[in-house]
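Chemist: Chain residues, written in single-letter form:
4 protein chains.
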Amino acid sequence: MANKIRVTAWNEFRHEKSNEYVKSIYPDGIHGLIKQFLETNDDIEVTLAALDDPANGLPDEVLNNTDVLIWWGHMAHHEVPDDLVERIRHRVYTKGMGLIVLHSGHHSKVFRGVVGTNGNLSWGRDQKEIVWNLLPSHPIAAGIPDHFTLDIEELYCEPFYVPQPDALVFGSWFEDGFIFRSGLCYLRGAGKVFYFQPGHESCPSYHNEHVQRIITNAVRWAKPAEFGYEIPEGAPMMQYKPIDEFDK
Amino acid sequence: MANKIRVTAWNEFRHEKSNEYVKSIYPDGIHGLIKQFLETNDDIEVTLAALDDPANGLPDEVLNNTDVLIWWGHMAHHEVPDDLVERIRHRVYTKGMGLIVLHSGHHSKVFRGVVGTNGNLSWGRDQKEIVWNLLPSHPIAAGIPDHFTLDIEELYCEPFYVPQPDALVFGSWFEDGFIFRSGLCYLRGAGKVFYFQPGHESCPSYHNEHVQRIITNAVRWAKPAEFGYEIPEGAPMMQYKPIDEFDK
Amino acid sequence: MANKIRVTAWNEFRHEKSNEYVKSIYPDGIHGLIKQFLETNDDIEVTLAALDDPANGLPDEVLNNTDVLIWWGHMAHHEVPDDLVERIRHRVYTKGMGLIVLHSGHHSKVFRGVVGTNGNLSWGRDQKEIVWNLLPSHPIAAGIPDHFTLDIEELYCEPFYVPQPDALVFGSWFEDGFIFRSGLCYLRGAGKVFYFQPGHESCPSYHNEHVQRIITNAVRWAKPAEFGYEIPEGAPMMQYKPIDEFDK
Amino acid sequence: MANKIRVTAWNEFRHEKSNEYVKSIYPDGIHGLIKQFLETNDDIEVTLAALDDPANGLPDEVLNNTDVLIWWGHMAHHEVPDDLVERIRHRVYTKGMGLIVLHSGHHSKVFRGVVGTNGNLSWGRDQKEIVWNLLPSHPIAAGIPDHFTLDIEELYCEPFYVPQPDALVFGSWFEDGFIFRSGLCYLRGAGKVFYFQPGHESCPSYHNEHVQRIITNAVRWAKPAEFGYEIPEGAPMMQYKPIDEFDK
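Residue numbers (the numbering used here), protein chains in the order written: chain Z, 1 to 248; chain H, 1 to 248; chain P, 1 to 248; chain L, 1 to 248.
To be clear, the hints were calculated from the coordinates, so they are not data collected in a lab.
Some hints could be false.
Note that the list lumps identical chains together, so a pair holds whenever it fits in one copy or between two copies.
Lysine to any residue pairs mimicking SDA-like chemistry, simulated, CA-CA at most 25 Å apart [what the hints assert, rightly or not]:
#, residue 1, residue 2
1, 128, 82
2, 128, 176
3, 128, 80
4, 223, 75
5, 23, 239
6, 128, 220
7, 35, 77
8, 95, 123
9, 17, 234
10, 128, 238
11, 4, 75
12, 35, 228
13, 95, 143
14, 23, 210
15, 128, 149
16, 223, 127
17, 4, 204
18, 23, 61
19, 223, 139
For clarity, every value in this text was computed on a predicted model and none was experimentally measured.
Sequences are here, hints too, so could you generate the full structure?
Modeler: See below:
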């Protein structure tokens, strides 16, 4: 099918190789499972990429053929080269590439640089999380009930020092007394960004049917728009035209 | 086709009957032309409704089978019954019916009641308008160039005393020194609302290809979401469950 | 002091007369306590008003001398006359009167009519609530810690079918597994609106120091702006001027 | 007066030294004029800083004593060191320092890095600009009429590829057929950012009374909030406490 949405699922992909318990949950990597459930949809195809791949998995020939980039990183944010961050930022801002940042990616250079934030939050022990649907009219909430429960997930909590989102789709309750804005949409340049909180490497959240639906919805929402003109890469000068000649 | 988007195009439909010049531009009424260009799309079907129809064109059997309601009114806002406004408001808020309000509908009871505004603005003589694309990543801007010109349109100008929109998609320049936020998205309850400024009865704006594309895009954007649960009509009490039993 | 902020604290004021327990918490009424803590500030003066007062406590001579209206209602929303709602709405939209809606006022005609919402939410048994500070840079969060606890408050929970706010200042955690957006700012017409969730009649939340600070902050935030021109009451026509004559 | 708002007005300050015409408009530099009109207010004191000063005018002892930083840059954006940008970004995000970016600063590293944008726009010949007041209830619009005219200003025009602002306060009309969102508020981390478009070096806009009032208003709006707790510099771990012990 010619017009599938081309997703690249990027994963730091180290926990799954170094930790037996994580490996038991995600034997093909978190990105491997994401590919698997996304590709049950006819309109989506997924390429895998990892930090330790050549060119960190994202050489130009991959990035330039990516409609939506999914990003999972945790302990090695500092190993991601600045020029890769800049290339991603450029592609989101001027080509409209979608960006979906998962869980600990809140502190990635990519999220911080694209959205404009330090991504700070507080965190704590794994516990029960209940995800609440705050905006059922939003495309990313399609098919999602008013709430669903993750029996075990890492605590992330407010204040989350991010910009107020263009749409706040999900919010979460945590057992120990904390809440978190867990699903946030940002429009940046010509592109769209979605941050989603669940997905600690030692928790099986990406196996949850609602989490899978949310990520699938986000891919469709974040794909590049059909632009009616060429988005400029810089700040072009407008040639003066007398107003009577405008659009003639 | 079973799953077409069911649009009802409501028009005050008096100018086109009383004024020969208006009739020459819109011989089938503004709503008639809207039906015509929307139905060139396979996924949209349009029902016509007018103020002077029985039940003002919107008895329950029509309204309950409407996915997106388009509203054009001007001189007879006060003739629209309050209970019809309330039925529309209810359907937007709890069923997710989309609402597209055109031009002078800024002062309709429907727009004021659904969005929460008095809809005040200033206005003046017909003149050249240039519509600028402020948010090319938005679905309603799909296929629209960075700007397009309407040679003659009624002046609407700021300050426009509406709430800040969830998305500001278009802004307009007017020859005499004025600007106007001309394409605005509002999320209200379970529904979506789009206001679009062009469309004075004596101007041929609905014949413009970009205006037609914008309204078509807006229909697709505003259609009811796929809700994953039943949106309540009131404020239900939650039965207490010990948290250990939540979602069991 | 000439330039005090003139607050009118409106209360349904029935629970405190009919229920001994409520009376023990708020012997002077909820509005009486609000007056007491607000007037510990030199820049604020408070007038009391209640549903059963003549003209429902809000004749024109009161409303026209109100900078910020505080609204607490619960069981008698339907007894508030529609024309009073319309007068409040008009004063917010065109005079910039501030409006602070508390707790069960989410279902008042005033909140619904001014903001554009049905105000629906879910609710349940009284329980522990923890209020989280989501936007410490906002004036309404001045002096508020990152969180504070209310040992007992009525459960209000998501989905809350309100418009996305201009600023989401507070969010709340509830013991039984629920969350709620509990402090929301809306700009409407020339005015400002703040909704704050705590304050069930049988809970002592208005005695809490942080709740008092939040309401005090909200009064200062919501007071009418210093307008540099006269806000119009309708939609005035702009006289045509050749652009060369503009502002001459 | 102990509690004055401490403004640092930073200027690239080269045009005023190299170009006689610019020098004739701003003999003390753009920042010099800004200092002059801001200090007519009792509550504001201004320190001057320039690109060619030691440490680019912003050593730690200056930056750490700045409540609001005003930024004017144009041709030498690339000469601003990355670590200075990072120090500003950190101070906005975690100390709540206000940031006011003027005119060509849309392309500065500071604006791009703090807000999350490439700052792209189009531009053209100097011409008449009319600034419209889109949000008269906002503190930055205090005392500003519904519009005012700048007889000559550089054309900046849409699409402006910035994030949708938290508040859109001003919009501008330009003679040649263009519009621009010219006054935008962003909340970022614990800080506030205002971008304002007028102020080309060869135009006398900073002598305009309304422009002066807007910048004065913006200083008061952007000053650091009164935080009720210490904003963290990173992502602290929350120690587990049984919920019954929360806030005991």
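Chemist: Compare the structure with each hint and give your call.
Modeler: Here is what the structure says about each hint:
no.	hint	in the structure
1	128 to 82	neither (36 Å within a copy, 42 Å between copies)
2	128 to 176	both (9 Å within a copy, 12 Å between copies)
3	128 to 80	neither (32 Å within a copy, 43 Å between copies)
4	223 to 75	neither (28 Å within a copy, 35 Å between copies)
5	23 to 239	neither (59 Å within a copy, 27 Å between copies)
6	128 to 220	neither (29 Å within a copy, 38 Å between copies)
7	35 to 77	within (22 Å within a copy, 42 Å between copies)
8	95 to 123	between (34 Å within a copy, 21 Å between copies)
9	17 to 234	neither (42 Å within a copy, 28 Å between copies)
10	128 to 238	between (56 Å within a copy, 15 Å between copies)
11	4 to 75	neither (32 Å within a copy, 43 Å between copies)
12	35 to 228	between (31 Å within a copy, 24 Å between copies)
13	95 to 143	between (29 Å within a copy, 15 Å between copies)
14	23 to 210	within (22 Å within a copy, 47 Å between copies)
15	128 to 149	both (7 Å within a copy, 20 Å between copies)
16	223 to 127	neither (33 Å within a copy, 38 Å between copies)
17	4 to 204	neither (28 Å within a copy, 38 Å between copies)
18	23 to 61	neither (30 Å within a copy, 50 Å between copies)
19	223 to 139	both (12 Å within a copy, 11 Å between copies)
Consistency note: the structure conflicts with the earlier hints numbered 1, 3, 4, 5, 6, 9, 11, 16, 17, 18.
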